[in-house]
Amino acid sequence: DTGVSQNPRHKITKRGQNVTFRCDPISEHNRLYWYRQTLGQGPEFLTYFQNEAQLEKSRLLSDRFSAERPKGSFSTLEIQRTEQGDSAMYLCASSLGGGLAKNIQYFGAGTRLSVL
Amino acid sequence: EDQVTQSPEALRLQEGESSSLNCSYTVSGLRGLFWYRQDPGKGPEFLFTLYSAGEEKEKERLKATITKKESFLHITAPKPEDSATYLCAVGSGYALNFGKGTSLLVTP
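If you read the sequences in order, they're chains A and B.
Taking the working numbering, the leading residue of the first sequence gets 1, the next gets one more, and so forth.
Taking the working numbering, the leading residue of the second sequence gets 1, the next gets one more, and so forth.
A hint or two may mislead.
Claimed, not checked - Derived CB-CB ranges, DEER-like:
1) 100/B - 12/A: 23 to 33 Å
2) 12/A - 8/B: 19 to 29 Å
3) 70/A - 29/B: 30 to 40 Å
4) 15/A - 100/B: 25 to 35 Å
5) 57/B - 52/A: 26 to 36 Å
6) 72/A - 54/B: 15 to 25 Å
7) 18/A - 57/B: 35 to 45 Å
8) 41/B - 64/A: 17 to 27 Å
9) 40/B - 27/A: 27 to 37 Å
10) 70/A - 108/B: 45 to 55 Å
What the hints assert, rightly or not - Derived BS3-like pairs: lysine-lysine, alpha-carbon spacing no greater than 25 Å straight-line:
11) 100/B - 57/A
12) 42/B - 14/A
13) 42/B - 11/A
Because the hints were derived from the structure by calculation, they are not lab data.
This structure is a prediction, so every number in the text was calculated from the model and none was measured.
We put the CB at the ideal spot given by N, CA and C, even for glycine.
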């Protein structure tokens, strides 16, 4: 399977703990995105990387959230001091980049976070 | 500010009963309108992208069309396996701005 891979699929944590999620994009894709989705809503954009550079961050990305993409390959999203409101599905997507036709975003299966 | 509104929120069809899902959008500088399908507990699966008014794309029982203000996803003779949430999104920068989706249930 050469799609976008996310780990873990599920994470249960206690309020106040730190969590880290990993995303492996499609191998030749240089653009990587993180989204958050809550029940009954569409995905909401969090942040965007082109290669290793983080080029855009949403206002949703509070200072408790940090994302990295070392060497332009896989990416990690860390949430510090988790709160119950952080409970959601965290989705990663990647795209080839370049012209409009190459910017189709392909999504992984997501990591479902439950904060108790 | 970009806005995407999908209707109806939920739709129940009998197998073979054709219908259309609506996506109304406002965006400054459209860089594509995207349709995705999402099954419960899974990530969105790409279906179509449309770039300009009048464009149409087809795949099996699905056909997507677009005007300057709306896009439609037409479902012809649906089957139970078409049951899913269908998401519409617009791209104006790097991010996609999604609607809340239409939850489709097709019964035998």
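A quick look at each hint next to the structure:
{"no.": "1", "hint": "100/B - 12/A: 23 to 33 Å", "verdict": "holds, 26 Å"}
{"no.": "2", "hint": "12/A - 8/B: 19 to 29 Å", "verdict": "violated, 34 Å"}
{"no.": "3", "hint": "70/A - 29/B: 30 to 40 Å", "verdict": "holds, 32 Å"}
{"no.": "4", "hint": "15/A - 100/B: 25 to 35 Å", "verdict": "holds, 27 Å"}
{"no.": "5", "hint": "57/B - 52/A: 26 to 36 Å", "verdict": "holds, 34 Å"}
{"no.": "6", "hint": "72/A - 54/B: 15 to 25 Å", "verdict": "violated, 38 Å"}
{"no.": "7", "hint": "18/A - 57/B: 35 to 45 Å", "verdict": "holds, 43 Å"}
{"no.": "8", "hint": "41/B - 64/A: 17 to 27 Å", "verdict": "holds, 26 Å"}
{"no.": "9", "hint": "40/B - 27/A: 27 to 37 Å", "verdict": "holds, 28 Å"}
{"no.": "10", "hint": "70/A - 108/B: 45 to 55 Å", "verdict": "holds, 50 Å"}
{"no.": "11", "hint": "100/B - 57/A", "verdict": "holds, 21 Å"}
{"no.": "12", "hint": "42/B - 14/A", "verdict": "holds, 24 Å"}
{"no.": "13", "hint": "42/B - 11/A", "verdict": "holds, 15 Å"}
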